Structures are given as structure tokens and as C-alpha cells.
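**Q** Residue numbers (the numbering used here), protein chains in the order written: chain L, 1 to 719; chain H, 1 to 276; chain C, 1 to 134.
Source of the hints: derived by calculation from the structure; they are not laboratory data. Heads up, a few of these hints could be off.
What the hints assert, rightly or not - No more than 27 Å apart at the CA atoms, straight line, and that leaves these computed lysine-lysine pairs for DSSO-like:
| hint | chain 1 | residue 1 | chain 2 | residue 2 |
| --- | --- | --- | --- | --- |
| 1 | C | K42 | C | K60 |
| 2 | C | K52 | C | K42 |
| 3 | H | K125 | H | K44 |
| 4 | L | K420 | L | K450 |
| 5 | C | K87 | C | K60 |
| 6 | C | K60 | L | K34 |
| 7 | L | K714 | L | K654 |
| 8 | L | K34 | C | K130 |
| 9 | L | K420 | L | K390 |
| 10 | C | K52 | C | K6 |
| 11 | C | K130 | H | K125 |
| 12 | C | K52 | C | K87 |
| 13 | C | K6 | C | K87 |
| 14 | L | K529 | C | K60 |
| 15 | C | K6 | C | K42 |
| 16 | L | K27 | C | K14 |
| 17 | C | K87 | C | K14 |
| 18 | C | K87 | H | K44 |
Stated by the list, open to error - Using C-beta positions, here's what the derived DEER-type ranges look like:
| hint | chain 1 | residue 1 | chain 2 | residue 2 | range |
| --- | --- | --- | --- | --- | --- |
| 19 | C | P72 | H | L210 | 23 to 31 Å |
| 20 | L | Q206 | H | V188 | 43 to 51 Å |
| 21 | L | E256 | H | R146 | 20 to 28 Å |
| 22 | C | V75 | H | E213 | 47 to 55 Å |
| 23 | H | E218 | L | I577 | 28 to 36 Å |
| 24 | H | E218 | L | L588 | 42 to 50 Å |
| 25 | L | G685 | C | H120 | 55 to 63 Å |
Just so we're clear, the structure is a prediction, and the values are computed from it rather than from any experiment. Each residue gets a CB set at the ideal place from its N, CA and C atoms; glycine is no exception.
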Amino acid sequence: MADLDRRGFLAGTGLAAGLLAGCRPRKDPYTPDKPPVPLAPGVRMGAQTQVLSTCGMCDVGCGIRVRVVDGRAVRVEGNADSPVNRGGLCARGLAGLDVLYHPDRVRGPMRRRGGRGENRWEVMSWDDAVGELAARLGRLRAAEQAGRLVLLDGQWRGNTHALLGRFMAAFGSPNHIGHGATGRSAILETVRTMTGRPGLPRYDFQHAGCVLLLGTGALESSSQAMPLGVALAAAARPRLYCASLRLPRTAALVDEWFRVLPGRASFFLLGLLHVLLREQLADESAMEKADGFEALRAVVLAELSPKQVEARAGIDADRIESLARELVAIHPSVVVVDEETKDRSAVAAALVLNAALASIDARGGMRLGADETAAWPAPTLDGVAEAAAKSPAIDGREIGRRDAGASRILAVPGAILSGKPYPVEVVLLHYSNPMFSKPGGARFEAALAKVPFVVSFSPIVDESVRFADLVLPDPTYLERWDVLAAGQGTLSVAQPVVAPLENRMQTGEVLLRLARALGGTVARSFPWKTYREAVLARLDVGGRGDDLLDELGSKGTCMAPGKSDEADEGKSFAGFISVATATQTLPLLEESREFPFLLCPFRDHSYAEGGFRHVSRLAELPNGPGWSGYVEIAPEDADRLGIEDGDWVAVTSKVARVELRARVHEQIRPGVLGLPLGGWGRVVGDLAGAPSRLLEARVDPATGQWLAWETRAKVERVG
Amino acid sequence: MSGRLPRQASRREVLTLAATAAAGAALKGSALADEKSVALARGKAPSPQWGLAIDLDRCSRCQACVVACATENNVLPLGPQVFASTRPIRWMDMLDPGGRGDLWALGRWPAPIPCMQCERPECVKACPVGACYRSEDGIVVQVWDRCIGCRACMIACPYGRRYYNWTQPAWPGGDPSSANPDVALRPVGVVEKCTFCQHRIRAVLERARLDDEPLDDEQIQRLPACAAACPSRAITFGDLADPHSALLALAQSSRATRLLPELGTHPRVFYLRGKP
Amino acid sequence: MALGHKRHMEADMKCISCHPGAEDQALAGFPTLADCMDCHHKPRGESPDEPKVRWYAQQKQEIPWIRVDRLPGHVYFSHAAHVTSAKMTCEDCHQGILQRTQPLALPDIHPSMQECMRCHRERGASNECKTCHK
């Protein structure tokens, strides 16, 4: 064997292990070949630890425990101390390590070499990367064109999102554009205008007697899926109803399915309200002083009886009558809307019905949100920044509005392509990949091709990276530090579970450096040296930061400072400001001979933030999307078209043609095709066959809201 | 209604269509009460006697259990080519009732299904090399290193709960960092199945022995990865020979049934349905 | 790092000071840098490798011990079960380790499965597959 001196030398470099391993007679198929991971100081070889953190696969923020062995994360499980998930964890959270160890992760900051999309990159240092972006943005500012910076932001709350908003304000661009128009703006805006309360409502499923879900989000992957799941652990579960176009395989516990017609859920709900008002079973106290209540009351009583809405809603009048009485008899009852409910009038009608059932801010009912703590002082604004607050954003939103709910993302491609109201010079993509995921993706592709400089923060290679000029990769959520508001008045810590796998830097830190590099009022608006400092400042913990971090470190979660157990929180519903939205239904799409089906896009139980295309385990779930994607079709439609379960079919809309496998089942309305979103596993950049390309980008001109149920299509067997 | 049947349905369908006729009568009453050959019922089997209960009125079919099991036991994703051409390995799977009515007497919705850990396992009888045996504590153990890949056990298992490695499992990107060191990897050519997370049971038993403390049922109820992950706590694990265990109470309740009881396999997995 | 066990035993150390899991965990473990620095923060002994300890401390890096006794991935061996429950001593398996002045380059334990099973049979421990296999 090797002599002592050489062995001594090799011992220090770890090469000997490799040599010795090479001397083994045969490869052991049971032991994975793992190169050594350098251990952090104090960590014993072979030692196992549990790191507490917060899941980032969706918005809910379940507490997780990650088991780490020898510097590797080997298992993600739920944190029993988290009141959100109480130790359980959903399929997506459990698959988190697929994101951490993703083979296509971006290795570090990089600059494009060659043409866009050629996938040739030059690795840079962080100083150079931030410097380059700062130089470009500095030039924009100097030329008084700060507004030509556009940020497309897939996050809608949290500390990094807040820092981004602050940056855009201090920099002087009104174009902080979120994804809300294709998703959660319907509920955020409706709740805000009707009640004045921010954020998404939550539901006290634990104590509800009867739950009427609008749409299938709570059965699949919305923010209400985990709360509903946890509530089912109780001895007695609520009666569960679902009003939707289709039911997923995860709807086993739904006691009755109400097959409402598309875009007409509000008629169903107002029909229920009619019965309550007529029988004087409704609690009108929250509505009496609201704007438009008298008109609403009059319309509902005169024109929206069960018999009158039967045809429009698609639900039998007798059943509406009996259901209304049930909702009163089995109380508390609550109607559930979440970020998957994209129909504003349905959200409004749900709110009004919940008020009538005395289920707002009540036990077993809907809990409206409270303001997220934001203790930062206002940013320092100079003339450029102040002018921005008064100038139009490119998405045509109300001037001066900066909040997530105001964004109109589907107006962006048109604005960029036309150059109106002004050209766009730089686009930042933060957890935003619109050419793949948004309706009208082809137009996003064309628009971004026209923008001189595109920057992506994505940790994993996707189209936003492939077609960018500069990539400043964020680490994955398992490698980042943050403190999140996890609902029920608690805070939850997210911390790196392993040493960073690549040279990636938290976007929050990048922003602080960028601001410093820009100097002036922008730099002054970011007085914190580190992201951690900024977060603690925002939480308004005064000098108690260390205590808070200690508590978070030991349990992963704690009550937010100044908050007590949510149940004791006195905040109660003060009544509606306005109820007019409840009767504002949009006209139905006309039937079409050429496109006889209505496309119903949905996010199934495998849908994680950013879709599931990066997470093989989720694509391969039982009844999951698989690698070929699928489209749901009712048996009578399938029989008529000669389609069998598993056949390849072509789905064609006005804007695209895509081939998918047919999934024939009874839990979908005839005349409707169910289209799961989120990815189907094809190669990054190959967008022509992406199911999302089928979707038309029609919007409600008044709000910019995407009309999710308004793409028509046809389907036929292929081959 | 039209519908493509699951891969193995044709063989099993023959078996169960004949059996279903008798199934109705056999399902009445407590699941344990009508067993003739189960030493358990006569109180003779020594602790522990592991079993699992799945409450179908709490299970939302979210499939967290499927992913928990796969990540705990190093069951790797397949990628597009292999997924399209082989049967994906799912120690915990979702049993699809199929389009021809209630074959399994479990209702119309898919249900989670692990290995039944039968008291009279057909697979043990079928194995020509003794790569499969039933442990005293009730777990049916697959010895991967002895398996020759003949797949006779897969044919024998009436529940289809055994899986063959048609290809060499591969880590995405070739990176085995997230391998759970407590569970061995299985090479191509070997049959594998659910083990009730026996490595987690072993660790807890060892801890109890070292600390000289009796096992606490509370520690065990969520011991396997599937039970631990379920947000609705629909899966309960436990010792059927412990008179105070939560599992025994569930198994003896009138809500409990077992799959294909008429076959005489005496599964250790109980499904809970309906009102008590 | 050329560590001599003999020298450390002469200094009246116990196996468990450096291999803390030997009595109550499956893996006996290796010393962390902090463990070594308890004594080696000052120069000790004449080994030319001894200053390396302080060098690693300066680099804030754990000593990258090379495992030579490496179980195959399908075997579970618990030190606690053998040392504490079965009351074996370290030397019963790690014969001669305490007399060594040089570190091991090759595994010093080569028990075949037959060896393990023989001892299990003699002492009444289970020889069921799942006791020792993963």
C-alpha cells in the first residue's frame, strides 16, 4: 500500500478515501456513492441534526423539521410545534429536497454570452454582478427614465417582497407588478373594497359545522388546503360541500358536489341568500350600513329566488331551498373562497352570505386578515422618486397604487410591444416566469425579446433564466434565512438546513448591496447592513431581537410580538363598506360551434409555487400529471368523440394546439375540459406544447383581472 | 363507463369478481372477531404485533403519505422515459377502485394502500429462495440481497403491493445527497415493498431498551413516515397485542374492515369507514 | 492526521471521550475539533502531526477524519445495542486498536455475516434478517 508520508499528505485532502474505495473488490449496490461534504465546525461526522425551518413550496408556511446527516439534508418532515400543520406535511412540502438538490440549479451569478436562449454563460462575482446592474439602473435614473425599470414579482407578501417594493419606490419606478391579476387579486381586491381588511381570509374549519367550498382550491393546493386537512384530524368533521365545475381525486370527503355553471357561482350563492332574507333567517347587522345594501336586498328578493336562478346557476331550485336551511340549521356554516376563486362576484356573494350566516370573524367561520407588521420608516424619496408616485405604471393600473392587488400583469406585453405609455429598458423577474406560466405566454415571449435588459433571480433554470441577460440567483427556500408571518398570529423562521450548495445570494441581500451601489436617496432608504437586520427592524422587536430569534430557533415558531392567541383577539367584523360587487357578474362567453368546450384551468394537488415541473416526485404522483400532462373530460363527451381514458388527444383553442392524454372521469361537467397547470416536464425553453399556451389572456377591462373561465376549445383524438 | 383498467387488473379482476359475491357477508361486524387462525384474537401472541389503520373518513387522498414513504425509503423518481415504460414503485400507493364499481369494497374514491403485512402471506409461500419471511412481530420482510427477481411473489400477492426494479434506480442529476442513510438502496432486479418503516420501529425499540422505559403508544401512533406526515392523522400505527393501544381499539371497532377478507390472508392493515 | 490510540490511552482517556456514541447510539462517532482542542490547544507530545490540530482550528474547519471501518449500506450496526445492552467491550471487536501508534489505513474489523450470526446465536440475540439489515 502507499507509504506513510504520502498517506499522511492524502489524509488531509480526503483523496485517500477515494483510493481506498477504489481498492474494494466490487461496488456495493446498496450504498450510494457520495463525495464528502465539508462539515461545519462542531458538527460530528455521521451526526444527525434536525433543523427547524419553514416550507416554501406554497404560501401557507407550514413548519418543517429537516433531518441533516453528515451535512446533507435527507428528509423533510412536519414540525409538531407549528400551529399551522401540527407535525403533518403535504405531498409538496415532503418533496422539498428535490428542489434543494435540483440538478438544474443555477450555480452563481452569470452574464449571458452569445445570443439570448443560446444557454452560454459567463460566471461572475457578486460584486461584478451587482455592479453591472447598479450601473445600468444608475444610468436610467440619471436620464430621468427610472420608470423604465419594471419588476415582475411572483411573491405578494413577506420581507423580500416588501424590500422590493421599497426599492422600487426609492428608485422611482411605479412598475412593481405582481401576478395577482391572474390569481389572488380577485379575492384580495374584493375583500379589501368590501371590508377594508387586507390579505386573504382564513377559515376556522375546526369549529365549523358545515363548509361550502367555492372551487376546489382547498382540496388541492390553495392556502386553505392544509388548514382543511388539519381540521379533518378532529373527531367530528364538518359537513363538506363543494360548488365547482369539476372535482379532483382528492375530493373523497366532499359530501355533495354542486355543479354550478361557469362564471355563475354568484347566482347560486345569492339564491341561497334569497331564502335567508325571505325567511328572515339572515343576520343583516353587518350589511345594513353598507353602500348598495338596499339595492342588493331588493334585487335578491325580487329577481334571485331559487326558481329564478336555477337555470343560470345550474342547480336545482329545491336543493337551493333545502341547502339554505341546512346552512342555518347546521351552524356555524361558512362559504369558503380562496386565491383560486378568480370570480370577483362569487367572492363578493360569498362574503355577503357569510355575513348573513353571522360567520365573519366568528367561531367556525371566516376570519378576515389584519395588517402585516411593517415597522420600517418611510423610504427617503428624491424628486425622481416622488414623480414616480404620480406617473402612470405600464400596466394601466390606478395611478399611485403600489399594492399587489392593483397590478395588471396581462397588460404588460402590450405595453412593452407598443412602447406605451413609455418604453421599457430593464425587466427584473422575481419568481416570475410569465412566458411559461401566464395566459398569453407567447406575447410575453415576444415582449421580453424586445426589452434590452432582462434579469432573473430564479434559483433553478427556467425560461426566465434561459432568456435573461443577467442572472442573480436566489438560493432555494431551504438555504435561505427569513422570518415569516405564518398565520394565526405566529412567526415562523426559515433557516438554511445545509451549507449553501452554490454561489447564490438571497435577493434581500442583493437588494441591499444594489441600493448601496446606487447611492443617494436609494442607499439612504436601506440603512441596514444585512437582510437579517432589515427583517428584525420590520418586525418591530425593539431590543428583543435576540430573544425572538432564540425562541424561533428552539421551536421554529413563536407568537409575533404584541400578539396573543388568535382566538382571544378581539378584532371583530365591523360591517361591510360596500356590497355592490355581489351583483356585478360579467357577461357569459358566447357558445361556439367551432370551440364547443370551456377550458377550466386548475392547480391540482401536485402544484407547488413555480409549478411542479422542477419536482419529479410530484409529477409522478398517483393520479398526478405524469410527464405527458392530461386533460379531464366527462364520459358522455368522451363517448361521443370516441375518446377513451388514456388516449392522446389534441386540445385546440384560438391561440394554440396542444397534445395531452385524456383522463375520462365522472367528476367533471359535460362541456368542460379540465386543464391542470404547472408544468408537464418538457425541456426548458420548449414552449410550443405547454398546456398554459392554450389559455386566452382576456381580461375584465375595469379591473385587469384575468377571466379564467373564458377560453373555449375543442378536443379530438389523435393517432 | 369507458375506462382503461389498471395494469394488473385483468388477473386480479378475475379473482375478485368471483370473491366479491361473498365479500358482502364477510364484511359485517368487527374485523378481528371472525378470525379463526389469528393467535392474536386469542391473546397468545407476544407484544409487539404491528398493525396499521387508515381512516377513510379522515383521509382526503392528498397523497402526502405516498411522498413521505418515498422520501423516507429512498424510492426514487423515474424520469419521463422510465415512468412511461415501467410500473412506478409506490410502497404506499393509491388504490384506484377502477371504473367497474366497487371492486375493493372501499368506496368510489382512491384509497391509500401499503403492504398488507398479511398474517398468512402468499408471497412467503411463493418465494423459491426464501427472500421473504414473516417476522414474529407481524412484518413481512423482503430480503433484498436474496431476491433473484423471479417475481413469483408479485404474482402471488393478491393485493399487488410488491414492486420490481425494472431499471437501476437513479438519483436525479446523479446526486445521492438526499439518500436516507437508514434505508438501503435496492439495485435493479430486486423486488421491494413497504416495511412498515421497520428501521424507525427498530430505532424506537432500541431507545426504549436503552432507557429501560416501556414503549409509549403515543410515540408509536405516528411512527411510520406515512402516519407521521398525514395532516389529517388518518393513519394510525400500533401494537395489536397492547390492550391499551389506539390501534387495537380502531381495529376492533365496527368501522374496521380489511381488504379481500375472504382470501384468508388476514391483513394487518385495517380500513375504517362509516359511522360506528 | 496520524493519530496514535496508544498515546491517548496512556493519557488515561476513555474510548468514549472521543467516540461519544459508543454507549448510547448506533454510530460511535468521531471527535469534533472542539473535543481535540480541549487538550490540544497547547502543544502536546512529540508527533509531527500534532500541530495540525491547531491549524484546523485556525481554519475553522473540522478535521476530515477518514472512515476506514465502513459498513455497507445495507447493514445496520448499533454500538449501543452491543456495548450497553449486550455488555461487550470495545476491544471485543476492535482488537488491538489500543496498542496502535499509527492510524488505521484499512478496516480492522472484517466480521463476516457468519461471524456476526455465530456470536448472536451463542448469546441468544436475534438472527432475523431485519435486525441487522436495512
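**Q** A separate judgement is required for each hint: does it hold in the structure or not?
**A** Hints, one by one, checked against the model:
| no. | hint | in the structure |
| --- | --- | --- |
| 1 | K42(C) - K60(C) | 17 Å, holds |
| 2 | K52(C) - K42(C) | 12 Å, holds |
| 3 | K125(H) - K44(H) | 24 Å, holds |
| 4 | K420(L) - K450(L) | 13 Å, holds |
| 5 | K87(C) - K60(C) | 38 Å, violated |
| 6 | K60(C) - K34(L) | 23 Å, holds |
| 7 | K714(L) - K654(L) | 9 Å, holds |
| 8 | K34(L) - K130(C) | 25 Å, holds |
| 9 | K420(L) - K390(L) | 17 Å, holds |
| 10 | K52(C) - K6(C) | 19 Å, holds |
| 11 | K130(C) - K125(H) | 19 Å, holds |
| 12 | K52(C) - K87(C) | 36 Å, violated |
| 13 | K6(C) - K87(C) | 23 Å, holds |
| 14 | K529(L) - K60(C) | 24 Å, holds |
| 15 | K6(C) - K42(C) | 20 Å, holds |
| 16 | K27(L) - K14(C) | 36 Å, violated |
| 17 | K87(C) - K14(C) | 16 Å, holds |
| 18 | K87(C) - K44(H) | 31 Å, violated |
| 19 | P72(C) - L210(H): 23 to 31 Å | 25 Å, holds |
| 20 | Q206(L) - V188(H): 43 to 51 Å | 48 Å, holds |
| 21 | E256(L) - R146(H): 20 to 28 Å | 52 Å, violated |
| 22 | V75(C) - E213(H): 47 to 55 Å | 27 Å, violated |
| 23 | E218(H) - I577(L): 28 to 36 Å | 49 Å, violated |
| 24 | E218(H) - L588(L): 42 to 50 Å | 55 Å, violated |
| 25 | G685(L) - H120(C): 55 to 63 Å | 58 Å, holds |
Checked against the numbered hints listed earlier, the structure breaks hints 5, 12, 16, 18, 21, 22, 23 and 24; every other hint is satisfied.
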